[in-house]
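**Student:** Starting from the known structure of chain A, arrange chain B on it as the hints suggest.
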Amino acid sequence: MNHWIIAPVLLPAVLAAVQTLTMRHHPLLQRVFSLAGVVAVLAVALGLSLHAATGEIEVYELGNWPAPFGIVLVLDRLSALMVLLTAVLGGLVLLYAIGSGWDQRGNNFHPLFQFQLMGIFGAFLTGDAFNLFVFFEVLLIASYGLMIHAGGARRLKAGVQYVIYNLLGSTLFLFALGTLYAVTGTLNMADLAVRAAEIPVEDSALLRVGAILLFLVFAIKAALLPLHFWLPETYAEAPAPVAALFAIMTKVGAYAILRMYTLVFGPDLGATADLIDQMMIYAALITIAAGMIGILGAKRLGRLAAFASIGSMGTLLIAIAGFRPETTAAAIYYMLHSTFAAALLFLVVDLVRERRGEMGGAIQPGPRMAQHGLIAALFFGAAIASAGMPPLSGFIGKLLVLDAMRDMAEVWLIWAVILATSLVAILGFAQAGSIVFWKLAPIPDEPVAEAPAPQPALPIVAVCAMLAVIIALSVLAGPMMGYIEATATQLHAPDGYISAVLGTN
Amino acid sequence: MELLFATAIGLLTAAGIYLVLRLRSFPVIIGISLLTYAVNLFLFGAGRLAINLPPVLRKGVETYTDPLPQALVLTAIVISFGMTAVVVMLALGAYLSGREDSVNMEDSAAPDQENKA
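Going down the list, the sequences are from chains A and B. For the first sequence, my numbering assigns the number 14 to the initial residue and increments by one for each residue that follows. For the second sequence, my numbering assigns the number 3 to the initial residue and increments by one for each residue that follows.
Bound-form chain A, shown alone (with noise of 0.2 Å):
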């Protein structure tokens, strides 16, 4: 049994015990310990996932208890890619919260920041359904904490309604888990997916109350239409390193709903087949068109960059929504670059925020910034790469997603959906960075008292470092579908993953 899988959880939950415990008024020892754990992990993730790379699919077994008895880890090719990208992100999102000194403007932010990391890992890791839904709660606990970062009173609210939405989104899901559970008498993913198809297809009416139940959870947790209500708010008013960390957490929403359903309700089981594809592609084209709209018709740079992640979330669920190996091909790779475009806007905003002072996000003419033209470019960059335009990652992973879609019967509404939407989402971003960068307004007769406080670099380089790592993911494109679609193979034949996990073969 290979150790090193239970590391990604068990590191960042000792950590955030220790910094909680020991260095409580010591902002400096959490700073170097938060970036020494984010580091350790990202060394592990990376050594998982070329351990993964070889297509064996390892299982860690807690406790020592054999498969359907015990809850399992599962490390195979998605959960590893899932686990590094979280690694990277949250790197990345790290060194920008320390740079711009997000960090010490409430209590606990690194402790809160680590326990986030160990629900994301648990949850991408963990082969039980219960205790997804254990990994489920506890993100959304750091997540709770984590959003209110800061305090103030718009943010208090939003916060609360992101808890509630989401307590109801936990209620719904131990419905799910407790049908499924009656119906089959196991919670183990493997054991679940082989008692499932042994379910004669005429008593199969819980089952598929089960599967849609379970559905509507991860739909809300991945803002699909008409379940995305908590997330405009709760992305614009949250910190933002914080919502940059949060583009990860539609995407757990995605995973789950791509594991459970190849896995468990795949499209060869005849109870649940063909239950919510359509549905599914039809929720996704609304989601998609709401979100782009909601780019042009946004007030506020927050809001703006919110409804640009429900859109990406809308081309994301669109391509899952084709459960084929080349659907699923380019559902992964738009899944990676949409969460390092997401995060990169809100990065940038922030920047814009900070620079402006009293104007805040407000898209409304403004006056010069600190490092105007450097923003601007930053800012031209992000938007690039959420409206999916060449050359950044967004364009490729839009085109994968339109050529895994040909054959579909509903090819032409999605490519005419896609396509316009994508004309929407680019006038809006050329409209708000026209309107904040380019219309100054008119300079104040009195003149300005004291000059513009120096601005902190590291932030700089924490948004352009992502800004990297999207070029990379255009320029590596090549290499990297190569892993993604053995990815999407060892996804579309559970077989493997179902004997590597109940010892059959």
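A couple of the hints might just be wrong.
As a list, the in silico SDA-like pairs of lysine to any residue whose alpha-carbon atoms are at most 25 Å apart [said to hold, decoys possible]:
| no. | chain 1 | residue 1 | chain 2 | residue 2 |
| --- | --- | --- | --- | --- |
| 1 | A | Lys312 | B | Ser104 |
| 2 | A | Lys312 | B | Leu51 |
| 3 | A | Lys312 | A | Ile448 |
| 4 | A | Lys312 | A | Trp243 |
| 5 | A | Lys312 | B | Val105 |
| 6 | B | Lys61 | A | Trp78 |
| 7 | A | Lys312 | B | Gly100 |
Hints were generated in silico from the structure; no laboratory data involved. What you are looking at is a predicted structure, and each value in this text was computed from that prediction instead of being measured.
**Tutor:** Just chain B, lined up with the frame of chain A:
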């Protein structure tokens, strides 16, 4: 017994949903509590209802009740208890700083205060 049990879950859920839709912090929190009670009972029922049966192996006993749902319910109770505490504190904070306890985000045209820490 099944009918009584199912009716109780249904009533709790209905009352919970009604209260959540009231859109004021206090009724919403009570509603969420009722919903978690309902789901706890539901999880319990997922292992089939049985009376006077032990959940642990013992000598001389032939039939058992399913112990797993009981463990699941225990986890769910702990989590929902903690979450209720969190949401009460948050709602109190939001009420004290905003002087208003509607759950909706109204007046979105309010002066731009986002990310002013």
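**Student:** Hint by hint, say whether it matches the structure.
**Tutor:** Hints, verified against the model:
1. A threshold of 25 Å between alpha carbons decides the hint, and for Lys312 (chain A) with Ser104 (chain B) the separation of about 23 Å falls inside it, so the pair holds.
2. Between the alpha carbons of Lys312 (chain A) and Leu51 (chain B) the distance comes to roughly 55 Å, so the proposed pair goes past 25 Å and is violated.
3. Of the pairs offered as hints, the one joining Lys312 (chain A) and Ile448 (chain A) holds, with about 11 Å between alpha carbons and a cut-off of 25 Å not exceeded.
4. With a C-alpha separation of about 18 Å, the suggested pair Lys312 (chain A) and Trp243 (chain A) falls inside the 25 Å cut-off, and the hint holds.
5. This hinted pair checks out: Lys312 (chain A) and Val105 (chain B) have alpha carbons roughly 22 Å apart, not beyond 25 Å.
6. Our distance criterion of 25 Å between C-alpha atoms is met by Lys61 (chain B) and Trp78 (chain A), whose separation comes to about 24 Å.
7. Taken as a hint, the Lys312 (chain A) and Gly100 (chain B) pair is honoured in the structure, with Cα atoms around 23 Å apart against an allowance of 25 Å.
Comparing the model with each numbered hint stated earlier shows that hint 2 is the single one that does not hold.
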